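A.B. asks: The chain contents come next:
Protein chains: 2
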Amino acid sequence: MAQLQSYKYQIRSRDTDFRLQATLTAIYDYVLQTAGSDANQKGFGIHDLNIKNASWVLSRIALETYQTLHEFDEITVQTWISEISRVMTTRNIVVYNSAGECVAAAVTQWAMIDLDNRTPLDLRIFPSYEQYIRSDMESPLAKPTKVPPIVNPQITGTHKVVYSDIDFNHHVNSVRYLQWMFDVLPLDTILEHNSFRTEISYLHESRYGETMQVRYEPREEGQMAAFEIQNEESTAVCRAKIKWQ
Amino acid sequence: MAQLQSYKYQIRSRDTDFRLQATLTAIYDYVLQTAGSDANQKGFGIHDLNIKNASWVLSRIALETYQTLHEFDEITVQTWISEISRVMTTRNIVVYNSAGECVAAAVTQWAMIDLDNRTPLDLRIFPSYEQYIRSDMESPLAKPTKVPPIVNPQITGTHKVVYSDIDFNHHVNSVRYLQWMFDVLPLDTILEHNSFRTEISYLHESRYGETMQVRYEPREEGQMAAFEIQNEESTAVCRAKIKWQ
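Keeping their order, the protein sequence lines are chains S and W.
To convert, note that position 111 of the first sequence is 111 in this note's numbering; the numbers rise steadily by one, no gaps.
To convert, note that position 104 of the second sequence is 104 in this note's numbering; the numbers rise steadily by one, no gaps.
There's no promise every hint is true.
Stated by the list, open to error - Below, in silico cross-link-like pairs of lysine to aspartate or glutamate (EDC-like), each with a Cα-Cα straight-line distance of 16 Å or less:
| id | chain 1 | residue 1 | chain 2 | residue 2 |
| --- | --- | --- | --- | --- |
| 1 | W | K160 | S | D183 |
| 2 | S | K160 | W | D183 |
| 3 | S | K160 | S | E232 |
Stated by the list, open to error - Derived contacts from chain S toward chain W, CB cut-off under 8 Å, selection only:
| id | residue |
| --- | --- |
| 4 | V162 |
| 5 | I166 |
| 6 | F168 |
| 7 | L187 |
| 8 | T211 |
These aren't lab readings, by the way, just hints derived from the structure by calculation.
Source: prediction; values computed, not measured.
From the three backbone atoms N, C-alpha and C, an ideal C-beta is built for every residue, glycine too.
With these hints in hand, go ahead and build the complete structure from the sequences.
C.D. replies: This is the structure we're talking about:
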């Protein structure tokens, strides 16, 4: 089997918070960036899919961070496809620091959609895909699970979906939801913990001009938070849980 | 005189809008990133200033974009200091595409503040600074001017300042204000024009938890927009004008 390709980045000022420490959303962004670059390089990136009037959409992610990263830190990211079914594929991503230590990892599950009717496509329209499956490699962390609805939500704010929220799929970018959720956590939670496990289920698309509500519920004696983002019709477009240590 | 150093970047997916075209805020971010990197490299970056309990704050910027950039485009950014007075210094930045064409440029004016009392410091505490002034080089565009207050504001939304808005100076990041302003422009204005001149005056700092109002006024028969961002005390923290062609 071919060696996994390595993708290298440097943590920049814009990736960091006021402590010059990389944010969870910046790590998430490097994870998705690497998934996208790797897919492009192998011939089934969004540019290849767009030719077939299709695109990748993220269905679920589990993302864990183990160590903090700071401005100027160099990271190496590796990714591989571990599974494929007719309508869903799993891609693993591992982030290493310059000492070769694993500082973050993710399991992502993707669907391919038709760009007109937004319904899932059969992944076998890219026959070359299967040759990249590495079923011999272990998942770096537990897979994302279905996130249940929250019970006693606190409504913590609304967001009108604006130009800067919208990505190439013409819907709110996956990372933006995590930013909205992380931004309603108490600041002490963010400052006092370095290790987070985040699970997100993306359920529906959100479009330009919609108004979204971020609902939040503390759980497990303040060691975990559950989130639900709803649109104007009170439909949950995204559910998530963030646990810290 | 030494050659100007070149800083190279590649436009990534996160830098782009739904058309996979680099956003104005992404260009702004590369401009500031380069200013910061160049200052670091010459021994008066924020890490050097922090040792003296000081930091750089951006006072004014004029930023012009001339051509669109897309995902995967390589850019080369050059920067030089053109002026210094006791409390303000001017740094120019020019962005080139891979064909060597100037695609964006900026003139930035900076103050150095004391981190405790937030008042301006005498720039001469870094005596090595003066050796880098390139008074022989022309400004790439007209300097930023004082932006007058707006007359008939439309109130277009409020932003509670959250964790992801705050930078190493413990106040709202300079780029975030531009994002807020650009996000209230009519979408057609963004989509129909490729060339923007933006001038921003930063007047006061905004802190975590404050609620900001973005006020907006179309001018010059829809060829220009004036902005004012106010805090809860109705103090203008930032004024700007964006003109397009």
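A.B. asks: For each hint, tell me whether it holds in the structure or not.
C.D. replies: Now for the hints, and whether the structure bears them out:
A threshold of 16 Å between alpha carbons decides the hint, and for K160/W with D183/S the separation of about 10 Å falls inside it, so the pair holds. A C-alpha spacing of about 10 Å is found between K160/S and D183/W, which places the hinted pair at or below 16 Å, so the restraint holds. A distance of roughly 10 Å separates the Cα atoms of K160/S and E232/S; the hinted pair therefore holds under the 16 Å criterion. With its C-beta approaching chain W no nearer than about 4 Å, V162/S sits inside the 8 Å limit, and its interface hint holds.
Because the beta carbon of I166/S sits about 5 Å from the nearest beta carbon in chain W, less than 8 Å, this interface hint is met. Taken as an interface hint, F168/S checks out: its beta carbon lies about 5 Å from the nearest beta carbon of chain W, inside 8 Å. At about 6 Å, the closest approach between the beta carbon of L187/S and any beta carbon in chain W falls short of 8 Å, and the interface hint on this residue holds. Interface hint at T211/S: violated, since its Cβ lies 11 Å from the closest Cβ of chain W, which is beyond the 8 Å cut-off.
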